[in-house]
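Peer 1: Residue-level listing of the chains:
2 protein chains.
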Amino acid sequence: MAKRRRGNGNNGTSNGASGIKKTKTENGSIPSGKKQLHLTAFMRPVSLHTGAWRYPGAYADANFNLAHLKSFIRKLESAKFDAFFMADHLAVLNMPVEALKRSHTTTSFEPFTLLSALSQVTEKIGLAATASTTYDEPYHIARRFASLDHLSNGRAAWNIVTTGNPESAKNFGQDEHMQHSDRYKRAREFYDVVTGLWDSFADDAFIRDQKSGIFLDPEKMHTLNHKGDELQVKGPLNIARPVQGWPVIVQAGQSEPGRQLAAETAEAVFCSPKDLESAKSLYADIKERAEKAGRDRNHLKILPAVLIIIGDTAEEAQAKRLKLDSLVHYDSAISSLSIALGADASGFDPDAPLPTDLPETNASKSSRVGVLKLAEDEKLTVRQLAGRYGGYAGLAFVGTTESIANEMGRWLDEGGCDGFTVTLPFLPAGLDDVAEKLVPELQRRGIFRLDYEGTTLRDHLGLPRPQNQFFAKT
Amino acid sequence: MAKRRRGNGNNGTSNGASGIKKTKTENGSIPSGKKQLHLTAFMRPVSLHTGAWRYPGAYADANFNLAHLKSFIRKLESAKFDAFFMADHLAVLNMPVEALKRSHTTTSFEPFTLLSALSQVTEKIGLAATASTTYDEPYHIARRFASLDHLSNGRAAWNIVTTGNPESAKNFGQDEHMQHSDRYKRAREFYDVVTGLWDSFADDAFIRDQKSGIFLDPEKMHTLNHKGDELQVKGPLNIARPVQGWPVIVQAGQSEPGRQLAAETAEAVFCSPKDLESAKSLYADIKERAEKAGRDRNHLKILPAVLIIIGDTAEEAQAKRLKLDSLVHYDSAISSLSIALGADASGFDPDAPLPTDLPETNASKSSRVGVLKLAEDEKLTVRQLAGRYGGYAGLAFVGTTESIANEMGRWLDEGGCDGFTVTLPFLPAGLDDVAEKLVPELQRRGIFRLDYEGTTLRDHLGLPRPQNQFFAKT
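Top line first, the protein sequences correspond to chains A and B. In terms of full-length UniProt numbering, the first sequence opens at residue 1 and continues consecutively. In terms of full-length UniProt numbering, the second sequence opens at residue 1 and continues consecutively.
The set of hints was computed from the structure by calculation and includes no laboratory data. Check before you lean on any hint, since a few could be wrong.
Any copy will do: because identical chains look the same in the list, a pair fits if it lies in one copy or spans two.
[To be verified] No more than 16 Å apart at the CA atoms, straight line, and that leaves these computed lysine to aspartate or glutamate pairs for EDC-like:
#1 Lys101 x Asp217
#2 Lys473 x Asp229
#3 Lys379 x Asp296
#4 Lys287 x Glu414
#5 Lys274 x Glu176
#6 Lys287 x Glu256
#7 Lys373 x Asp285
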């Protein structure tokens, strides 16, 4: 089997690999000369906050209502987002019944079917679907992404996951979940097979000459014949090469093998740093690994997840957040706080500050330090802290459009990210705020596009179109 | 595990299980009192005829052009077809390079992605996708069909196939194709698991009470815990019960185990009888097996495949067919004729009748008898016979709208079918002829609907909505 390497991008339609716009665009967007943000929206679930569906004015069924999802993606496209991003699970997550009955994510659409449907009500926005390398087959995965890429005219992305949830194993005939290291070994080989299958045909393989009767040039079809440690796949794929050559590769790893897999294969990385300092460290590490793997560091975009809550004032934004946190049921909230503290918090006075005499813990000290810092910074009661940990305790920008735009610009300038994976607090209002208030502010500052400059997701992200590894460009 | 039985249909929205319309419909269609035809269109490939893409005026890329496929399905919906039906393959079919380079089916969309996209440009027509029980997992299959059924508001159907093509095995890590009997054993169990997963939630399981914070009633969620000979699947599925309860079950088996599987599970049967006599025999056999399996014979619709070519006169229709057959390359055509004859035909004079002194054969006598009868009936030369066998030699109705409507009515009246799976000779003209000439004639005769009377594919086919096997209707 030929050694596989990504193309050098000299046949791409990239807007410039550095991410800095240098030329005036045809559609009238202003060339700012500034590094540009990339924005994707985390849309399964539509909010990661467990109280989101109960927020006043929120659509309770937002995760499972096609009409709502259509309006959300159209709104994101009107705001010129790079992509709509779907996480996925291959099971009803194992949780206590008290939590299960309050979960708004138990029923959701399946990614390929939903994104294919949404491809027909949008024209430009990217469509990123999660698919598992542990519980699916490379021939199916290669084919479905190729088909989605053709149906959407070049807007598909594959979020490669190894599926860490042990409940999934039991839905696929396995008693034990595959070991972490085995999952990553299979994932790496799976990626080679899928990208090899995408290259089954040269871009000009299909001739379709009605007069001569020649439909296809068999010299331009490659049979993969992959025989590896984990997978044996003959090929060729029964679909023409994707519009983008390969759909965009997305990864969400933060573990050691996850970072390495991302550095070797990913073109966009979804990650969850807790603050700018840790983001800078992660950013530098993954970019360095990518260069060591022989890749261009600009061909890998790092997009930390961030919850965004916007108010007309900082106080209003913080009030929205406290309101949202308050909608998490106390039983599950306090249990999340207990885990974060490494101590049973169920006996604490809910409406008082944290006791000063917390018992010793054998659990993560850094997690407890984080709780104490949060309690101090925001002056939160036990109930409010519980709501935070039971709702969404990850990175959040909460404030005015100006303060959030400042923060985003700072992360971009200081090497913390190439953009963000935006997670929303509640729908539709939280999404409308991002699309109608925050994005225009970012545009005014010249760090986000005024319009799409190309048609494919690779165009939006400034990524080259990979060369076919088996056929020279003709 | 509870014994699974299909519901008795008393909770369905059927238009009458007998297939005879008895009441005046709201939309003004005329109650004829006559048994009604069901029509589905075989759309992957869009034509089964190997010369179709070369016909004058045909779209050469019809199988792989979304704009064309959208126009085809809209045309079929305007003609009130029951469903758009996609066959499928999990490989580039193994054929000699001379045939491969002339095949118009090597690149096609994947069924779930294509049908999900088409669901958004149509409102009523059913969407039938082929999915393999040999090379896929029941959790994936159950989930994707449930998702397609929700996205399409109750229009999905699953064509269960066991995948007979040995090339597919090599794309899924297997050297040897699974034995026929093993495939059917797994298929039967796979069906039990998929339908069990569809019933994971009662229809009213999702409460979504924003005030109390209760999203889901856990008492209305069933964990399958399937542990069978072939499959172990825990469940529950992470998607609400499909709109149709279960998507419609389609089967294409003609073999002994195929007929039995169809009789036990199918609600629509795709089959390929060569004439009315063999159709009547197949029809009677499958209906009888269904009754023996405890099912209502009217809840299984038998829809033979038929190629339809329409002319203003019988002669014009026959000329179209000969023109179409002539577009098959002679090398592959003559090799198909040789197989049908059980003798090498490559040395025969192409433009003369078949020689009378054919060599003896050890191959199928009935196949040779068929060739001789065809040569006699239509006075065909060797070249024309070769074009027929290399193009499409299955059941065909070739004539005027009147003669074809007569034939369809006769099959329906005499117990040969409940309708047809229409295969088209070339696109778009052959489809336009069916939609704009044949269907209005069938409507005039009162044997085909003037408009859809319901919204789901079960409504169109007159099939009951299955009861949830784990939860009583509330």
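Peer 1: If the cutoff is 16 Å on CA atoms, where do Lys101 and Asp217 land: within, between, both or neither? Let me know, please.
Peer 2: For Lys101 and Asp217, only the inter-copy Cα distance (6 Å) is at most 16 Å; the intra-copy one is 57 Å.
Peer 1: Have a look at Lys287 and Glu414 and pick one of within, between, both or neither, based on CA distance no larger than 16 Å.
Peer 2: For Lys287 and Glu414, only the intra-copy Cα distance (14 Å) is at most 16 Å; the inter-copy one is 72 Å.
Peer 1: When no copy is specified for Lys287 and Glu256, does a C-alpha distance of 16 Å or less occur within a copy, between copies, both, or neither?
Peer 2: This pair counts as within: shortest intra-copy Cα distance 14 Å, inter-copy 60 Å.
Peer 1: Which holds for Lys274 with Glu176 at a C-alpha limit of 16 Å: within a copy, between copies, both or neither?
Peer 2: neither (32 Å within a copy, 51 Å between copies)
Peer 1: Check Lys473 against Asp229 for me: Cα-Cα at most 16 Å, and say if that holds within a copy, between copies, both or neither.
Peer 2: neither (31 Å within a copy, 50 Å between copies)
Peer 1: Within a copy, between copies, both or neither: where do Lys373 and Asp285 come within 16 Å Cα-Cα?
Peer 2: neither (27 Å within a copy, 76 Å between copies)
Peer 1: Under a CA distance limit of 16 Å, which applies to Lys379 and Asp296: within one copy, between copies, both, or neither?
Peer 2: So Lys379 and Asp296 fail the 16 Å test inside a copy (45 Å) and across (68 Å) alike.
Of the numbered hints listed earlier, those contradicted by the structure are 2, 3, 5, 7.
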